[in-house]
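Peer 1: Counting in the UniProt record's numbering, the sequence shown runs without a single skipped number right up to 245 at its last residue.
Hint data in this document are derived by calculation from the structure and do not stem from the laboratory.
Source: prediction; values computed, not measured.
One or more of the hints may lead you astray.
[Claimed, not checked] In silico SDA-like cross-links for lysine to any residue, where the CA-CA straight-line distance does not exceed 20 Å:
1. K79 / M136
2. K180 / A167
3. K119 / S68
4. K79 / V131
5. K79 / G141
6. K79 / T98
7. K112 / G81
[Said to hold, decoys possible] Pair ranges (Cβ atoms, derived):
8. D69 / E46: 31 to 41 Å
9. T94 / R48: 19 to 29 Å
10. N44 / A107: 15 to 25 Å
11. K199 / E120: 28 to 38 Å
12. H113 / E57: 30 to 40 Å
13. D41 / L110: 14 to 24 Å
14. R48 / F84: 37 to 47 Å
Beta carbons are placed, not taken as given, at the ideal position from N, Cα and C, and that holds for glycine.
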Amino acid sequence: MGSLFSSPAGAAPDLVTDSHLRVEHDEPQPCQAPAADHDADDMNPEERAYHERFMREAINMAERALKSDETPVGCVFVKDGEVFGRGMNETNRTLNGTRHAEFVALAGILSKHPISDLKETDLYVTVEPCVMCASMLRQYGIRAVYFGCWNERFGGTGGVLNIHSDAVHVTDKLSPSVDKPYPVTGGIFREEAIMLLRKFYVQENEKAPEPKQKKTRELKTEILPMDIHAPKSTPTPPVAATATA
């Protein structure tokens, strides 16, 4: 998930961008989320407690990003029930649009661990991975992805495209990808992830491509409930099977 400085009018409340703040002043409308393979509300209490522990770590990274004037997206990579990689957006500091939280964390991981370790690793990230990150995660063989809020402009795991599970087109026919698909679960600490984004988009950002005056903007605290679509089928095993590490 990268820095988001603009969005088409009518973007869903999960994608809290500059133009969305204008939509917030309109009459609230029910919000529908793109379909994830699994929804956090479907977890039993034990599973939810396990996954929330690691998503809390990702939220902490996002809070650090916010304090550093970065788009507040954070993540952790978890293997064998332990965090072994952390990252937050660094696109403003580095002026490099590829320094998404996932890329930052993976750079550190791969400097110390073999890429094969990612096959037994889960990602927890506060915002749905963008198309670029979703593709990278699939190529690297990530086991599963858990995220907080949806990304209806750049999402690569259901928000816009299904990079995590789609087959590929070969001579006008669908063919299985050489890269194994991975399951995704959305909605863990969704409200907190949204509020971090809203806080960022009401503060000044001098490194934005087109800095905008935001002194008159108000932080909106109302978050509409989600109307989750029916889960999509996926050829990977249920996420619950990976939640007992």
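Peer 1: Taking the hints in turn, state whether each one holds.
Peer 2: Going through the hints against the structure:
1. K79 / M136: holds, 18 Å
2. K180 / A167: Holds - the C-alpha atoms of A167 and K180 are around 10 Å apart, at most 20 Å.
3. K119 / S68: violated, 32 Å
4. K79 / V131: Not OK: K79 and V131 at ~23 Å, beyond 20 Å, violated.
5. K79 / G141: With a Cα-Cα distance of about 13 Å, the restraint between K79 and G141 holds, given a limit of 20 Å.
6. K79 / T98: Measuring from Cα to Cα gives roughly 24 Å; hence the hint is violated.
7. K112 / G81: holds, 18 Å
8. D69 / E46: 31 to 41 Å: holds, 38 Å
9. T94 / R48: 19 to 29 Å: violated, 35 Å
10. N44 / A107: 15 to 25 Å: Check failed, 35 Å falls outside 15 to 25 Å.
11. K199 / E120: 28 to 38 Å: holds, 35 Å
12. H113 / E57: 30 to 40 Å: violated, 18 Å
13. D41 / L110: 14 to 24 Å: violated, 34 Å
14. R48 / F84: 37 to 47 Å: violated, 22 Å
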